[in-house]
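Peer 1: Residues per chain, in single letters:
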Amino acid sequence: MISGTAVYVLWLREMKRFLRAKSRVVGALAMPLFFLAFLGMGFNRMAVPGMGGGVRYIQFLVPGILGMSLLFSSTMAGLSVLWDREFGFLKEIMVAPVSRVSIVVGRIAGGTTTALIQSVLILGISFGLGFKIINPIKFLLGLLFMFMIAVTFIGFGLIFASKMRVMQGFAIVMNFVIFPLFFLSGALYPLENLPRAVRILGYADPLTYGIDGLRGTLAGVSSFPIALDLGLMAGFSIVMIVLGAYFFEKSESV
Amino acid sequence: MTQDAIRVENLTKKFEDVTAVDGVSFGVPSGELFGLLGPNGAGKTTIINMLSTLLAPTSGRAEVAGFDIAASKDDVRRSIGIVFQEPALESKLTGRENLEFHAMMYGIGKAERRARMAEVLDLVELSDKAGTLVEKYSGGMKRRLEIARGLMHRPQVLFLDEPTLGLDAQTRRHIWDYIRKLNKEGGVTIILTTHYMEEADYLCGRTAIIDHGKFVALDTPDKLKDILGGDVVSLEIEGDPSRLLEALERTAWVKTSKLHDGVLSLTMEKGERRIPELINKAQALGLTVACVNLHKPSLEDVFIHFTGRTIRDKEGGVEERNRMIMRSHGRGPRGGRS
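Protein chains in written order, with this note's numbering: chain A, 1 to 254; chain B, 1 to 338.
Please note that the accuracy of each hint is not assured.
[Said to hold, decoys possible] Covered, in the sense of this in silico footprint (three residues per stretch, anywhere, with C-beta under 8 Å from a C-beta of chain A), are these stretches of chain B:
no.	stretch
1	46-55
2	71-78
3	85-93
4	98-104
Just so you know, these hints were derived from the structure itself, not from any lab.
This structure is a prediction, so every number in the text was calculated from the model and none was measured.
Glycine included, each C-beta is placed from N, C-alpha and C at the ideal position.
Okay, chain A solo, but in the shape it has when bound:
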């Protein structure tokens, strides 16, 4: 069912696009880095409320910003189907004699790789800002969390791309879906500080568990047990990918 060559060539195309669009890479890195630099400096002296004593804000913030970068770049990767439809290349992909599953897997592979590259770059820079990893073995588990966040939100982007016809819908998704997901995830502050009603919304946000898992594995502080984060994220990844593939298959390419 899945053609390895098709997945590879779709992945390769994403890689070439990524490497050739330097301004896009810089743009995608700029926002998380500004957040990291200014929030990190601005709140540097404050103790993180609800996180016990002794946790520096930068330790708390970096996993949150990694989650934010993954959220944005992965959703964009899923939504890029819209660009392909707009510029016609989707038709070239869709008339090819390869299974639709291969096309979805190829896109996920490409999107995940670019999202992870960006996260690793941000992580590298955050070391310069004083961020410290607690344990190299747990760091590998952190990479798994990054992967699962990417997969979840690519599936999420695919669902939106399949349901939207016009590019204008893109701005609506950004403002009314992506930003709320970001703020409800506890990327910048512990969810425990939010009012109860809002907190419940936060608990329904997959990114909450992704970022909590990253915090637990990279910085050693987390609100939930890492196993719980891991299980939930695995579930979200699978559900979102299956839904994304389903909607993509159903949508028409012209």
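Mind docking chain B on chain A? Use the hints.
Peer 2: Same frame as chain A, now just chain B:
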């Protein structure tokens, strides 16, 4: 081997309340260059999209290269090449990379891929530009690259959706020559959509005229033009032409004759051979011919004949147009096309 490349039965596509394609049936034998001629929005692209598995038909069925478009999508996809109306290229890849992407999607092995890429790039004369990013290509180069790509996997059936839309005259002529060569030498069955009459006339073996999602006529361009009853010769006479009209009405090879505003409109076969004779007849009656105009019917006239409600409400499309041209002292009818 006389199997039809395309067989379409009652194909229909509805978009909400609009019927884009309305119960179309036709067959295309292998090796034919078949045209779908119609105005924008007539349903040509929708037919192509259904035959290439991009759109599911609302009802009816079709076979491409012997495979059902609904049941055997992958077999259909393997058998066809398609050049879309709007470029479907990845602009961040080079020409060669676009071809390579295509070849890999179609499962063509590395050695074979290299050979075919060189071959098709040579065919469309893009070998020296193959390493350039497609975003730097001109419209004509993109089109040629798309044609090259459509040929990479040696399709049995090639769909060309408005292949020369928006191209300059020279590039268009160039692409016409490729298309002909492909069909004649390569034996590829080609389905071409166009709203350029001269393109269908020049290229197609048979052409269907499509309007509002329905076929209104289907035949070779020559036979379609024959429907109009031959050439139209218009004569502007100094003096009273009524005696000439009487004489011509008794002439066997004049099929129809009409007099409007001092201009005689006659239909006949091989009009260019009859003009000297007409002038002699006029002179024999003591009349001087001030102006002669010969109009060979084009597919455009056929099109007007079948579909042109707004144009046909004035009587007799060709004669009307010819008189208009003569009155305005414009150029000949071929040059006076808008």
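Peer 1: When the structure is checked against the list of hints, which entries are broken? Sort them ascending.
Peer 2: Hints that this structure does not satisfy do not exist here, as all of them hold.
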